[in-house]
Amino acid sequence: MTTYNNILVINLMHIGDLMLATPVLRTLRTNYPEARISLLADKKLRDLVEQNEYIDECLLIDKKGKDDHFGSLFRFIWGLRQKKYDLVINLHRNERASAIAAFSGAKRIVGYSKPGFSLFFDKVMQNPSVAHHIGRGPFHMFPPHRYVPGWKHQVHAHLEVLKEAVGVEKIDDGGLEMWLPEAAEQEAESLWQQHFAPEDKVIAFNIGASWPTKRWLDSYFAECADALIGRGYQVAFFGGPMDLSIVEKCIAQMAQKDSGKLHVFTGKVSLSVLAGLLKRCCLFLTTDSGPMHVGVAMNVPIVTMFGASPVPGFYPYDAKDVLVKAPVACHPCGIHECPHAGEENLACMKKITPAVVMEQVDALLEKYQGVPAYQLPAHYGDYECQVVEA
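The numbering used here applies: residue 0 is where the sequence shown begins, and numbers increase by one.
Rather than coming from a laboratory, the hints here were simulated on the basis of the structure.
Be aware that a few hints might be false.
To be verified - Estimated spans, in silico, between C-beta atoms of each pair: (1) Arg80 with Met241: 30 to 38 Å; (2) Cys329 with Thr29: 26 to 34 Å; (3) Gln192 with Arg80: 31 to 39 Å; (4) Met0 with Lys248: 18 to 26 Å; (5) Gly380 with Met241: 31 to 39 Å; (6) Ala318 with Thr29: 15 to 23 Å; (7) Pro114 with Trp178: 47 to 55 Å; (8) Lys248 with Glu188: 26 to 34 Å; (9) Pro240 with His194: 36 to 44 Å; (10) Asp199 with Asp121: 50 to 58 Å.
To be verified - With a Cα cut of at most 20 Å, we get these calculated EDC-like pairs of lysine to aspartate or glutamate: (11) Lys62 with Asp85; (12) Lys43 with Asp67; (13) Lys122 with Asp55; (14) Lys169 with Glu159; (15) Lys113 with Asp55; (16) Lys319 with Asp257; (17) Lys65 with Asp55; (18) Lys62 with Glu49; (19) Lys169 with Glu186; (20) Lys260 with Glu176; (21) Lys83 with Glu56; (22) Lys151 with Glu56; (23) Lys113 with Asp67; (24) Lys200 with Glu49; (25) Lys113 with Glu198; (26) Lys267 with Glu181; (27) Lys82 with Asp55; (28) Lys350 with Asp217; (29) Lys267 with Glu159; (30) Lys43 with Glu176; (31) Lys62 with Asp46; (32) Lys113 with Glu184; (33) Lys122 with Glu159.
Glycine residues also receive a C-beta, built at the ideal position from the N, C-alpha and C atoms.
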């Protein structure tokens with residue numbers, strides 16, 4: 000196995016993408032215990048990875064701010080070149096990440112890449128977790144095309160890069176991992192004590208998602224929240240500021256909207272504080288979203304509903320979790336807006352009824368006895384979730 004002393008891993012994408020890259024960091028540290036390992040990520044997501052125990056340095060780029068122009072990108076790349084990396088691993092095939100990797104000056108450059116930039120890579124890998132559009136011409140001008148969903152989980156695809164392109168000899172897949180800064184842990188504990196009693200059993204809800212086709216119906220979430228509050232559980236809504244209107248619309252449909260057992264943290268906490276709160280919950284009801292993967296890292300049992308998303312590529316990476324999908328012909332479509340009208344609009348989500356979801360919620364609550372996630376045992380190597388058809 001080739002020795003590398005100075006390694007850079009690049010992932011500039013969203014919450015879930017970054018969490019799904021964490022097994023790569025652990026595996027690199029296992030194979031190169033003396034190496035300097037750095038991670039390049041989006042600045043707004045620093046909470047997720049800055050405390051990662053397997054890296055020596057977390058580099059940050061302000062994608063939507065001061066670094067969002069060519070001059071800044073050029074200066075950033077020039078700075079990277081001064082660090083003289085032995086190995087750069089790019090874990091997302093977008094233009095910015097591909098360019099940074101291509102011009103990093105590293106002795107060896109591997110991973111995913113856009114065409115053109117790939118000429119500067121020593122080994123380019125395909126990403127079998129993401130969808131491929133077959134028969135589609137340049138600039139999307141020649142439909143129809145055939146949508147082929149991903150067939151391998153993103154974590155497994157990333158680890159394949161390490162095996163084939165880097166030559167690592169030992170895969171050390173510890174699942175999704177995240178460490179909290181002490182200040183975030185203290186804030187989460189303080190919020191918890193303000194809202195909950197020691198005996199409370201809290202169920203987390205995340206109802207937002209980046210695509211409308213990933214969102215389960217807000218009326219369905221409202222029905223589940225009512226049922227759980229009626230049984231004595233505390234319900235906590237999470238999500239970012241962009242989810243606030245969705246959450247408000249959902250709560251407006253609840254019979255228990257004025258209950259003291261209903262708590263809204265949406266848009267009010269950082270990602271690391273969100274993680275600190277999730278690990279104190281006993282179950283997480285969520286869409287396919289970034290917070291879902293944070294919940295996996297926090298070891299909380301999850302029930303998730305998949306609409307447009309391909310199951311093999313992005314299921315919650317934990318065997319105790321449950322994924323529910325509907326057997327509709329167009330699933331998974333990978334489309335952001337459902338093209339169907341009337342009753343067929345979002346049929347993939349409409350046909351996952353609250354009754355079906357609550358059956359899975361009840362099963363996990365019974366199995367794990369409502370124990371907070373941080374008290375549940377570790378489960379190294381056991382990451383394939385249960386898939387249930389509605």
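Okay, the hints, checked on the actual structure:
Between Arg80 and Met241 the beta carbons are some 36 Å apart, a value that agrees with the proposed interval 30 to 38 Å. A C-beta distance of roughly 41 Å is found between Cys329 and Thr29, which places it outside the suggested range of 26 to 34 Å. Restraint check, Gln192 to Arg80: a C-beta distance of roughly 49 Å breaks the suggested window 31 to 39 Å. The hint said 18 to 26 Å for the Cβ distance between Met0 and Lys248, and at roughly 54 Å that hint is violated.
The supplied range of 31 to 39 Å is met by Gly380 and Met241, whose beta-carbon atoms lie about 35 Å from each other. One distance hint, 15 to 23 Å for the beta-carbon pair Ala318 and Thr29, holds here, with the actual separation near 22 Å. For the pair Pro114 and Trp178, the beta carbons lie near 37 Å from each other, so the given range of 47 to 55 Å is not met. Between Lys248 and Glu188 the beta carbon distance is about 31 Å. The supplied range of 26 to 34 Å therefore holds.
Evaluation of the 36 to 44 Å hint for Pro240 and His194 yields a failure: the beta carbon distance comes to about 19 Å. For Asp199 and Asp121, the hinted distance range of 50 to 58 Å is satisfied, since their beta carbons lie about 54 Å from each other. This hinted pair does not check out: Lys62 and Asp85 have alpha carbons roughly 25 Å apart, beyond 20 Å. With a C-alpha separation of about 13 Å, the suggested pair Lys43 and Asp67 falls inside the 20 Å cut-off, and the hint holds.
For the hint linking Lys122 to Asp55, the alpha-carbon distance of about 25 Å lies beyond 20 Å, and the restraint is violated. This hinted pair checks out: Lys169 and Glu159 have alpha carbons roughly 11 Å apart, not beyond 20 Å. Distance check on the hinted pair: Lys113 and Asp55 sit about 28 Å apart at the alpha-carbon level, beyond 20 Å; violated. Simply put, Lys319 and Asp257 have alpha-carbon atoms about 32 Å apart, too far for the 20 Å limit, and the pair is violated.
For the hint linking Lys65 to Asp55, the alpha-carbon distance of about 25 Å lies beyond 20 Å, and the restraint is violated. With a C-alpha separation of about 17 Å, the suggested pair Lys62 and Glu49 falls inside the 20 Å cut-off, and the hint holds. The hinted pair formed by Lys169 and Glu186 fails the criterion: a straight-line CA distance of about 38 Å is larger than 20 Å. Straight-line distance between C-alpha atoms of Lys260 and Glu176 comes to about 30 Å, which puts the hinted pair past the 20 Å bound.
Restraint check for Lys83 and Glu56: the C-alpha separation of about 14 Å stays at or below 20 Å, so the hint holds. Annotation: proposed proximity of Lys151 to Glu56 is violated, straight-line Cα distance about 30 Å (limit 20 Å). Distance restraint check for Lys113 and Asp67: the Cα-Cα separation of roughly 19 Å lies within the 20 Å cut-off, and the hinted pair is therefore satisfied. Of the pairs offered as hints, the one joining Lys200 and Glu49 is violated, with about 30 Å between alpha carbons and a cut-off of 20 Å exceeded.
At most 20 Å may separate the alpha-carbon atoms for a hinted pair to count; Lys113 and Glu198 exceed this at roughly 52 Å. Straight-line distance between C-alpha atoms of Lys267 and Glu181 comes to about 18 Å, which keeps the hinted pair within the 20 Å bound. Between Lys82 and Asp55 the alpha-carbon distance is near 13 Å, which keeps this suggested pair within the 20 Å criterion. The suggested pairing of Lys350 with Asp217 holds, with an alpha-carbon distance near 14 Å, which does not exceed 20 Å.
Our distance criterion of 20 Å between C-alpha atoms is broken by Lys267 and Glu159, whose separation comes to about 38 Å. Straight-line distance between C-alpha atoms of Lys43 and Glu176 comes to about 18 Å, which keeps the hinted pair within the 20 Å bound. Under the criterion of a C-alpha separation no larger than 20 Å, the hint pairing Lys62 with Asp46 is consistent with the structure, at around 16 Å. Between Lys113 and Glu184 the alpha-carbon distance is near 39 Å, which puts this suggested pair outside the 20 Å criterion.
Distance check on the hinted pair: Lys122 and Glu159 sit about 12 Å apart at the alpha-carbon level, within 20 Å; holds.
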